[in-house]
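J.: Construct the entire structure; sequences and hints are all you get.
There are 4 protein chains.
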Amino acid sequence: MIAVCGPHEADQDERRLAEAVGRLLAEAGETLVCGGRGGVMAAASRGAKLAGGTTIGILPGYDPAAANEWTDHPIPTGLGEARNAVVVASGAAVIAIGGGFGTLSEIALALKLGKRVVTLGGWTLDPQRVTRLSRGGAALLVARDPAEAVRLALGAARQPGHG
Amino acid sequence: MIAVCGPHEADQDERRLAEAVGRLLAEAGETLVCGGRGGVMAAASRGAKLAGGTTIGILPGYDPAAANEWTDHPIPTGLGEARNAVVVASGAAVIAIGGGFGTLSEIALALKLGKRVVTLGGWTLDPQRVTRLSRGGAALLVARDPAEAVRLALGAARQPGHG
Amino acid sequence: MIAVCGPHEADQDERRLAEAVGRLLAEAGETLVCGGRGGVMAAASRGAKLAGGTTIGILPGYDPAAANEWTDHPIPTGLGEARNAVVVASGAAVIAIGGGFGTLSEIALALKLGKRVVTLGGWTLDPQRVTRLSRGGAALLVARDPAEAVRLALGAARQPGHG
Amino acid sequence: MIAVCGPHEADQDERRLAEAVGRLLAEAGETLVCGGRGGVMAAASRGAKLAGGTTIGILPGYDPAAANEWTDHPIPTGLGEARNAVVVASGAAVIAIGGGFGTLSEIALALKLGKRVVTLGGWTLDPQRVTRLSRGGAALLVARDPAEAVRLALGAARQPGHG
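Chains as they are written, first to last, in our numbering: chain Y, 1 to 163; chain X, 1001 to 1163; chain A, 2001 to 2163; chain F, 3001 to 3163.
It is possible that part of the hints are untrue.
Stretches of chain A that chain F covers, calculated by requiring three or more beta carbons in the stretch to come under 8 Å of a beta carbon on chain F [said to hold, decoys possible]:
1) 2055-2062
2) 2066-2080
3) 2085-2092
Okay, the calculated beta carbon distance ranges per label pair [stated by the list, open to error]:
4) Gln3012(F) x Glu2069(A): 41 to 51 Å
5) Ser1134(X) x Gly3155(F): 46 to 56 Å
6) Gly114(Y) x Ala3065(F): 22 to 32 Å
7) Leu1050(X) x Gln2012(A): 21 to 31 Å
8) Asp145(Y) x Ser2134(A): 49 to 59 Å
9) Asp3126(F) x Asp1063(X): 32 to 42 Å
10) Gly3052(F) x Gly2136(A): 29 to 39 Å
11) Arg2132(A) x Ser1134(X): 23 to 33 Å
Heads up, incomplete: computed chain Y residues facing chain A, CB under 7 Å, no partners named [what the hints assert, rightly or not]:
12) Gly78
13) Leu79
14) Gly80
15) Ala82
Honestly, the hints are just simulated from the structure, not real lab data.
By construction, the Cβ of each residue, glycine as well, lies at the ideal position given by its N, Cα and C atoms.
T.: Below, the structure is given as structure tokens:
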């Protein structure tokens, strides 16, 4: 299972990248987990569903109807922003597309949990600081396009003991 | 999606009831969500999978490998006991089988969230107090067997606006 | 630190009991932690403050102004009902006064975490089942009045290694 | 109440800055909330306590004894990394000193919640992106020394409706 993170308010480029990422993950046989809402999350879920994949949305509130229409399994948590920690904990690796503050928190929480994070647009962080801090499987990689993002994420997910 | 709650340490009777509940939920086309671990959770997930259903396990820790082998989608949360609130928030209704203190917390949290809870063995609570406190769709119903438990749970889940 | 649990909507008797419990905890030099809202929570906090004690309120939402006026330190969590797990985790022992479903969830979560729980009115649970399930320091004790409730709670809190 | 964030593993410079921040917050009459552990958290709490202040530590695990010795009120949550969301939700403003991935997640979560964040060393983020994304009272300010950090944080905390 791969987590895809990105903002609820996304521009057309970000949505296009997210849809391609979702499609490629589904084609690779991976389940997609995300925050279940609009923007990047809806576009990635749409891409996955149109390619026959499976999608899970970890929602901040209690209403499953707040999930986007491409979510197979809405998980309403009621946890507010703390649900971001659950989204990234659920992925063997994380792909972050574009991004607001919520996305940045997910990048940081995933790195803290020792996950590989692949960014496609959006936040850039001081690479030396990131490398110095990384423990376990933590790594922050920059992808140039959706295919590279998915390839890098799957590389982490399919190493033994990735969890 | 229906949540099934019950203890990690369960006796043979509880596991048998849980497996039947899982099977009947799958035959009714419902996804099963539970705490993802052993005992009642594993037995219900096994029943669902053997009948071709889908299972989600919301885990207390960060290791997806802690999920039982019948879990399609492990959701490692790292939330400890607070993950119980996520399990019940994810179900349109809750079936509680047997039960320890964790199960009792899930019954209570589900009722607090206005969900219908069906018990099959295990905890009994003062019915007058429960009725007086119930708001929204909250109700605590006692089932005599797995078929009745699933029928009562589906009755809640398929009412409009159950979420 | 002792946790006091009870409903936001409480009758006069419950509020009177809660205020006495808060006062006695403060006189014993204990900090009071609770859910920070009205009813039993406000009455217990008022009792503690009028006796010179310290109070902490673990709130379900993000607004510190939702805390009752007797709360020294509001902790807004945004966690919704999952904050109940934090309230009981914060107490060396728990006193539950009266109670709705939220209170019942706190009793159950505290017992699951191995804490001593003292009830004053409210929920009663099958004592044999509770005893059979109890691990570590978990125990459910019934107090007849505020003085006994505080005495029993302090007995747990002041044993070595109670945490 | 002001939140102070920073890594458990901190160098001498970071600890010196943190202790000065803690002292200045206490002298200004503010309660300090942090993650309750070592490094920056312990140094800030030490500074606050030596100046007569009050300290609260929101811990990731269940053991209150994991709090540093300068913590008046340990809040064991059992929430793992999700406790970072509670730390920043509890502060009217946030001061981040040095920092690892956990600190970065706290900066991001605080900005998402509309808080003012003051950094003292550590992470730098693209200021244009931050400004474009900021809603409500969210702002990311860079302080040159502890006195400026505290002054900027108090400026946010003492505006009406800061919560």
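J.: Does each hint fit the structure? Answer for all of them.
T.: Hints versus structure:
1. Residues of the region 2055-2062 of chain A with a Cβ under 8 Å from some Cβ of chain F number 3, which satisfies the need for three, so the listed coverage holds.
2. With 7 residues carrying a beta carbon less than 8 Å from a beta carbon of chain F, the region 2066-2080 of chain A meets the three-residue requirement, and the given coverage holds.
3. Taking a C-beta to C-beta cut-off of 8 Å, the region 2085-2092 of chain A contributes 5 residues in contact with chain F, enough for the three needed, and the coverage statement holds.
4. Range check, Gln3012(F) to Glu2069(A): about 43 Å between beta-carbon atoms, so the 41 to 51 Å window is met.
5. About 48 Å separates the C-beta atoms of Ser1134(X) and Gly3155(F), a value consistent with the hinted range of 46 to 56 Å.
6. Between Gly114(Y) and Ala3065(F) the C-beta distance comes to about 26 Å, which sits within the given range of 22 to 32 Å.
7. Between Leu1050(X) and Gln2012(A), the C-beta spacing of about 55 Å breaks the proposed range 21 to 31 Å.
8. Take Asp145(Y) and Ser2134(A): their Cβ atoms lie about 57 Å apart, and the range 49 to 59 Å holds.
9. Distance hint check: the CB atoms of Asp3126(F) and Asp1063(X) are about 35 Å apart, consistent with the given range 32 to 42 Å.
10. Under the hint 29 to 39 Å, the C-beta atoms of Gly3052(F) and Gly2136(A), about 37 Å apart, fit the expected range.
11. Look at Arg2132(A) against Ser1134(X): about 28 Å separates their beta carbons, and that is inside 23 to 33 Å.
12. Interface hint status for Gly78(Y): upheld, as the beta-carbon distance to the closest one in chain A is roughly 3 Å, under 7 Å.
13. Of the supplied interface hints, the one on Leu79(Y) holds, with its beta-carbon coming within about 5 Å of a beta-carbon of chain A, less than 7 Å.
14. Because the beta carbon of Gly80(Y) sits about 3 Å from the nearest beta carbon in chain A, less than 7 Å, this interface hint is met.
15. With 7 Å as the threshold, the beta carbon of Ala82(Y) comes within range of chain A, its nearest partner Cβ sitting at about 6 Å, so the hint holds.
The structure shown violates just one earlier hint, number 7.
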